[in-house]
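Visitor: Sequence:
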Amino acid sequence: MEKAVLAYSGGLDTSVIIPYLREKYRLQVIAYTANLGQKIDPDFLRKKALASGAAGFYFDDLRETFVRDYIFPALAANALYQGRYPLATALSRPLIARRVVEVARREKAKFLSHGCTGKGNDQVRFELTWKALGPDFEIIAPLREWQFKTRDEEIEFARQRKIPVPVTRKSPYSLDENLWGVSIECGILEDPAVVPPEDAYQITTAPERAPDKPQVVRVAFEKGRPTALDGRRLEPVALIERLNRAGGRHGVGRVDLVEDRTVGLKSREIYEAPAATILITAHRELEKLTLTRSLWELKESLRERYAW
0 MEKAVLAYSG
10 GLDTSVIIPY
20 LREKYRLQVI
30 AYTANLGQKI
40 DPDFLRKKAL
50 ASGAAGFYFD
60 DLRETFVRDY
70 IFPALAANAL
80 YQGRYPLATA
90 LSRPLIARRV
100 VEVARREKAK
110 FLSHGCTGKG
120 NDQVRFELTW
130 KALGPDFEII
140 APLREWQFKT
150 RDEEIEFARQ
160 RKIPVPVTRK
170 SPYSLDENLW
180 GVSIECGILE
190 DPAVVPPEDA
200 YQITTAPERA
210 PDKPQVVRVA
220 FEKGRPTALD
230 GRRLEPVALI
240 ERLNRAGGRH
250 GVGRVDLVED
260 RTVGLKSREI
270 YEAPAATILI
280 TAHRELEKLT
290 LTRSLWELKE
300 SLRERYAW
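Quick note: numbering that gives the first Met the number 0 has the sequence shown finishing at residue 307, numbered continuously throughout.
Just so you know, nobody snuck in bad clues.
Computed cross-link-like contacts, DSBU-like style, restricted to lysine-lysine with a CA-CA straight-line distance of at most 30 Å:
no., residue 1, residue 2
1, Lys148, Lys23
2, Lys107, Lys46
3, Lys148, Lys46
Read the hints as simulated data drawn from the structure, not as lab findings. Just so you know, these numbers come straight off a predicted model, no measurement behind them.
All chains should be built: construct the whole structure from the sequences, respecting the hints.
Guide: Written as structure tokens, this is what we have:
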């Protein structure tokens, strides 16, 4: 039986994909998960993937690599997509995709699979990376072809196969979280006229419930990279985690954006990015202290291109 390696989050879509690939394509499915700073229990995910029908499970802690090779270069560019979104999910996809290819070669798999929709940018990020690093693999994108029209149908499919999923009909949000932020979509959020319900937010306090007393944070930079908070040197992962907690407590970093997708669609999504908001703001202010006017203007014009 041929093998497929699936970029597996343990959410609704990828949980359903495992039995889907087994039943439709007769494939052994190897699930791959990367820790990029999300709330994650690898033992739970392993058990869940295997219970869903996976033939194997791989897990990597890639937080340091993610910060060093992906987040910090984006911070150097002050990258904000359409002026607001710090690209948390976008930055993570090429790294995950690269590791999926490496696992596929180790497993001698023939297929690569992801849980991206046909309307989003993630399908492009995964598949361009795979075509560059693994052009010999075949790609299966179940969400572009399967029979499910609604998330309720996916939930029912999972229920029939006794696959637990962290989604209910009452709270049908799709979440993606890492060190650089949280992306939240689906459900009632698809209507841009609706104010996001408070239960959609995961790591930030509503401004009206945030502390009345401000918190002052001093960020030290060396060669454009943050190295210390309030005079204390910290490793990059710890520094970002601490800023996420501090910023989230004060309601910093909420973004509600109707954005342009690469495939030409408009899409409403909300984001939470406390650490990214603080660090990009601090970095831009530092540049204002050090760059000439002409260089600042050039940098600002290139920032948008980088984020695209």
